[in-house]
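Engineer: Sequence:
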Amino acid sequence: MTRKKLPVTPAIRMLRDHSVEYVENVFPYEPHGGTALCAKALGVDEYMIIKTLVFEDDNRRPLVVLMHGDKQVSTRQLARYLNVKSITP
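Once you know that position 73 of the sequence shown is 56 in the numbering used here, the rest is easy, because the numbers rise by one and skip nothing.
Source of the hints: derived by calculation from the structure; they are not laboratory data.
Ideal Cβ positions, reconstructed from N, Cα and C, are used throughout, including at glycine.
Warning: the hint list may mix true and false statements.
[What the hints assert, rightly or not] Computed cross-link-like contacts, DSSO-like style, restricted to lysine-lysine with a CA-CA straight-line distance of at most 30 Å: (1) Lys68 x Lys34; (2) Lys23 x Lys34; (3) Lys68 x Lys54; (4) Lys34 x Lys54; (5) Lys23 x Lys54; (6) Lys(-12) x Lys23; (7) Lys34 x Lys(-12).
[To be verified] DEER-style ranges, computed between Cβ atoms: (8) Val67 x Asp0: 35 to 45 Å; (9) Lys(-12) x Glu13: 32 to 42 Å; (10) Ser57 x Glu13: 17 to 27 Å; (11) Ile(-5) x Lys54: 24 to 34 Å.
Kindly generate the complete structure, drawing on both the sequences and the hints.
Structural biologist: This is how it looks when you write it as structure tokens:
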């Protein structure tokens, strides 16, 4: 079985440059429920999966949110917290 060639990200480059051992875990994209599938495949609780969500505010400023896999973001509450009109993915 042949392995797909994966893109070399800055994070992978840094790990290689510093001889850090790591394991690649590649999962197919799932539009909904991806963290549950990932947690099941890894044999861990969904809470242990950290998802990275990218948003922007009404002024097009980027916002990155890291959160546990079993949680959801309310863009309305996030906008209120940041004192902006809206937050969009």
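Engineer: Now tell me if each hint is right for this structure.
Structural biologist: Each hint, compared with the structure:
1. Lys68 x Lys34: Judged against 30 Å, a Cα distance of about 24 Å means the pair holds.
2. Lys23 x Lys34: holds (15 Å)
3. Lys68 x Lys54: holds (23 Å)
4. Lys34 x Lys54: holds (9 Å)
5. Lys23 x Lys54: holds (16 Å)
6. Lys(-12) x Lys23: holds (24 Å)
7. Lys34 x Lys(-12): holds (23 Å)
8. Val67 x Asp0: 35 to 45 Å: Since Val67 and Asp0 have Cβ atoms about 38 Å apart, the given range 35 to 45 Å holds.
9. Lys(-12) x Glu13: 32 to 42 Å: violated (22 Å)
10. Ser57 x Glu13: 17 to 27 Å: holds (21 Å)
11. Ile(-5) x Lys54: 24 to 34 Å: This hint holds: roughly 27 Å between Cβ atoms.
The structure is inconsistent with hint 9 alone, although it conforms to all the rest.
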